[in-house]
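S.K.: The lines below spell out each chain.
There are 2 protein chains.
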Amino acid sequence: MQRYFVPQENWKSEQVFITNDDFHHITRVMRFKEDDSLICNHPDGRAYICEISGIEKNQVVAVIREKLEGSAELPVGVTIAQGLPKGDKMELIIQKGTELGAASFIPFQADRSIVVWNGKKMEKKLERYSKITKEASEQSHRNKIPNIHQTMSLSELLEESAPYDVKIFPYEEEAKGSQRPSFGKVLKDIHPGQHIFACIGPEGGFSPKEAEQLISHGFHPVRLGPRILRTETAALYVLASISYHFEELRCQ
Amino acid sequence: MQRYFVPQENWKSEQVFITNDDFHHITRVMRFKEDDSLICNHPDGRAYICEISGIEKNQVVAVIREKLEGSAELPVGVTIAQGLPKGDKMELIIQKGTELGAASFIPFQADRSIVVWNGKKMEKKLERYSKITKEASEQSHRNKIPNIHQTMSLSELLEESAPYDVKIFPYEEEAKGSQRPSFGKVLKDIHPGQHIFACIGPEGGFSPKEAEQLISHGFHPVRLGPRILRTETAALYVLASISYHFEELRCQ
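Residue numbers (the numbering used here), protein chains in the order written: chain A, 2 to 253; chain B, 2 to 253.
These aren't lab readings, by the way, just hints derived from the structure by calculation. C-beta: ideal position from N, C-alpha, C; glycine also. Hints may contain errors.
[Unchecked claim] Cross-link-like lysine-lysine pairs, in silico, DSBU-like; alpha carbons within 35 angstroms at most:
(1) A/K122 x A/K132
(2) B/K87 x A/K90
(3) A/K126 x B/K126
(4) B/K122 x B/K189
(5) A/K13 x A/K126
(6) A/K210 x A/K125
(7) A/K121 x B/K122
(8) A/K189 x B/K125
(9) A/K34 x B/K90
(10) B/K210 x A/K68
(11) A/K121 x B/K126
(12) A/K90 x A/K126
(13) A/K126 x B/K90
(14) B/K90 x A/K87
(15) A/K90 x B/K126
(16) A/K87 x B/K122
(17) B/K68 x A/K186
[What the hints assert, rightly or not] Ranges of calculated distance between the beta carbons of each label pair, as one might list FRET restraints:
(18) B/Q151 x A/S14: 54 to 62 angstroms
(19) B/V64 x A/K125: 49 to 57 angstroms
(20) B/S38 x A/R129: 42 to 50 angstroms
(21) B/Q195 x A/Q151: 45 to 53 angstroms
(22) B/N21 x A/Q151: 26 to 34 angstroms
(23) A/K87 x B/K189: 33 to 41 angstroms
(24) B/E74 x A/R113: 27 to 35 angstroms
(25) B/G194 x A/E174: 52 to 60 angstroms
(26) B/K186 x A/G71: 19 to 27 angstroms
(27) A/V117 x B/V116: 35 to 43 angstroms
(28) A/M31 x B/V30: 47 to 55 angstroms
(29) B/S38 x A/R113: 34 to 42 angstroms
(30) A/R181 x B/V116: 42 to 50 angstroms
(31) B/K122 x A/P164: 50 to 58 angstroms
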């Protein structure tokens, strides 16, 4: 069933008012009529089967029929901090990362990031990304839309990461042949309900200085298999492994 | 160190002859000179550190100096059969799938594939894909370049899959709430050295008829987390989970 995330102010007692792009999608793309059913998601994660009771000039009115139980959210919260990559790779990371269950994304200006985002450029990008997360959340049947933060510097990011339960960063150099715990061991020590902060380097990886700072702030360097992954593949590996570990390996 | 896959006929006793695109890459892009070192991969998986002994008009001659031990190949062989997707998604699957360790790719014409590949179109696509696998193998430091098969029908694919040790297909409908083993349970029963055949549906998934045929040929339906993944994300989830399971969860 088609799913729409509806902003909090559009929920009024037993009715949901659907406007803007979703109004267009319902009336023009899906060509829904009165009495057709759809799923409306509240920003707090609840989801309801609703029935269209009226199509007005600028809004669709739907009546709540049934609460949907169950959740498609990862049992652990995962924040992906991504060193600014080149081109449109961030869009791929955000779209696929949303499908794979990320709770939030933080773009950050890494030493080896070639691009710089500022002012208007950043604003425009964040607007585009918020559209991508909404669409990918609807498509993948998530209960919540991931947050996208403003771009941070490494020091802002280290401060942001402080309250997290577990912090990791894929780092080929450090992880190679070291005595540090493997990615599997790190995940084995995490419990459902905890929060993971994963920091991914841009093309060219982290500078030695960045790696030092991460380690001194409690980040574990991890290996994602013995192959060298492109930056956009690393985030997807981290999320797919966390889903596999907590959702498919344990639930037997 | 820069890595090049060199065809078998270009290995002669202690010398390797590098031609065509790689010749161009070495002389124009990397601007290597005599005595510079690079890694040459033999199609059988062996890799050597070599030293450039001469740059001629159409070829670079390199002398073998040292065999590289160790392998970046997955301990299980994974074949990805991918229902033909729209647009250039197959390129993404092949590039990322190579980084993540796939042994081979089989494009197949699924019931719900919207595109049809034939004759010249297929030939051109396969040529492009073989370039992508070579570049992604070099970039990710693999020992072998994955194979790309000609497009198959489902019945050809079922025949091809017969000798494999374990066969899976992500199938939301079948896996939901069923008593079948989870993806984690399936992987736990696989031993290093065995071969996995993973069959991924196109946009819109498998038709019920295709799912029936797969099941009757010994394929296990599996779930890849509770979210609905786009077709191109499914292959990457399968490969990342297999890498995590065999390379990062076990090696503690």
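S.K.: It remains to establish, for every hint, whether it holds in the given structure.
M.R.: Results for each hint:
1. Restraint check for A/K122 and A/K132: satisfied, since their Cα atoms lie roughly 16 angstroms apart, inside the 35 angstroms limit.
2. For the hint linking B/K87 to A/K90, the alpha-carbon distance of about 19 angstroms falls within 35 angstroms, and the restraint holds.
3. A threshold of 35 angstroms between alpha carbons decides the hint, and for A/K126 with B/K126 the separation of about 32 angstroms falls inside it, so the pair holds.
4. Simply put, B/K122 and B/K189 have alpha-carbon atoms about 40 angstroms apart, too far for the 35 angstroms limit, and the pair is violated.
5. In summary, the hint linking A/K13 to A/K126 is supported, as the alpha carbons are separated by about 32 angstroms, within the 35 angstroms threshold.
6. For the suggested pair A/K210 and A/K125, the alpha carbons sit about 31 angstroms apart, so the restraint of at most 35 angstroms is met.
7. A C-alpha spacing of about 42 angstroms is found between A/K121 and B/K122, which places the hinted pair above 35 angstroms, so the restraint is violated.
8. Between A/K189 and B/K125, the direct Cα distance comes to roughly 46 angstroms. Violation of the 35 angstroms bound is thereby established for this hinted pair.
9. With a CA separation close to 33 angstroms, the supplied pair A/K34 and B/K90 stays within the 35 angstroms bound.
10. About 33 angstroms separates the Cα atoms of B/K210 and A/K68, which keeps this hinted pair within 35 angstroms; it holds.
11. Taking the CA atoms of A/K121 and B/K126, the gap is about 39 angstroms. The hint is violated against a cut of 35 angstroms.
12. Proximity of A/K90 to A/K126 is assessed by CA-CA distance (about 12 angstroms); at most 35 angstroms being required, the pair is judged to hold.
13. Restraint check for A/K126 and B/K90: satisfied, since their Cα atoms lie roughly 23 angstroms apart, inside the 35 angstroms limit.
14. Proposed proximity of B/K90 and A/K87 is supported: the alpha carbons are some 19 angstroms apart, at most 35 angstroms.
15. The hinted pair formed by A/K90 and B/K126 meets the criterion: a straight-line CA distance of about 23 angstroms does not exceed 35 angstroms.
16. At most 35 angstroms may separate the alpha-carbon atoms for a hinted pair to count; A/K87 and B/K122 meet this at roughly 30 angstroms.
17. Distance restraint check for B/K68 and A/K186: the Cα-Cα separation of roughly 32 angstroms lies within the 35 angstroms cut-off, and the hinted pair is therefore satisfied.
18. Here the CB-CB span from B/Q151 to A/S14 is close to 60 angstroms, well matched to the stated 54 to 62 angstroms.
19. For B/V64 paired with A/K125, a C-beta distance near 53 angstroms keeps the hint of 49 to 57 angstroms intact.
20. Checked against the given bound of 42 to 50 angstroms, the beta carbons of B/S38 and A/R129, roughly 43 angstroms apart, stay inside it.
21. For the pair B/Q195 and A/Q151, the beta carbons lie near 47 angstroms from each other, so the given range of 45 to 53 angstroms is met.
22. With their beta carbons about 47 angstroms apart, B/N21 and A/Q151 fall outside the hinted range of 26 to 34 angstroms.
23. The hint said 33 to 41 angstroms for the Cβ distance between A/K87 and B/K189, and at roughly 39 angstroms that hint holds.
24. Taken as a hint, the range 27 to 35 angstroms holds for the pair B/E74 and A/R113, whose Cβ atoms sit roughly 28 angstroms apart.
25. Against the hinted window of 52 to 60 angstroms, the Cβ-Cβ separation of B/G194 and A/E174 comes to about 30 angstroms, which falls outside the hint.
26. Between B/K186 and A/G71 the Cβ separation comes to about 21 angstroms, which falls inside the hinted range of 19 to 27 angstroms.
27. Restraint check, A/V117 to B/V116: a C-beta distance of roughly 39 angstroms satisfies the suggested window 35 to 43 angstroms.
28. Checking the proposed 47 to 55 angstroms range against A/M31 and B/V30 shows it holds: the Cβ atoms sit about 49 angstroms from each other.
29. Distance hint check: the CB atoms of B/S38 and A/R113 are about 24 angstroms apart, inconsistent with the given range 34 to 42 angstroms.
30. Taking the beta carbon of each, A/R181 and B/V116 are about 46 angstroms apart, inside 42 to 50 angstroms as hinted.
31. Our hint of 50 to 58 angstroms for B/K122 and A/P164 holds, since their Cβ atoms are close to 53 angstroms apart.
When each numbered hint is compared with the structure, violations occur for hints 4, 7, 8, 11, 22, 25 and 29.
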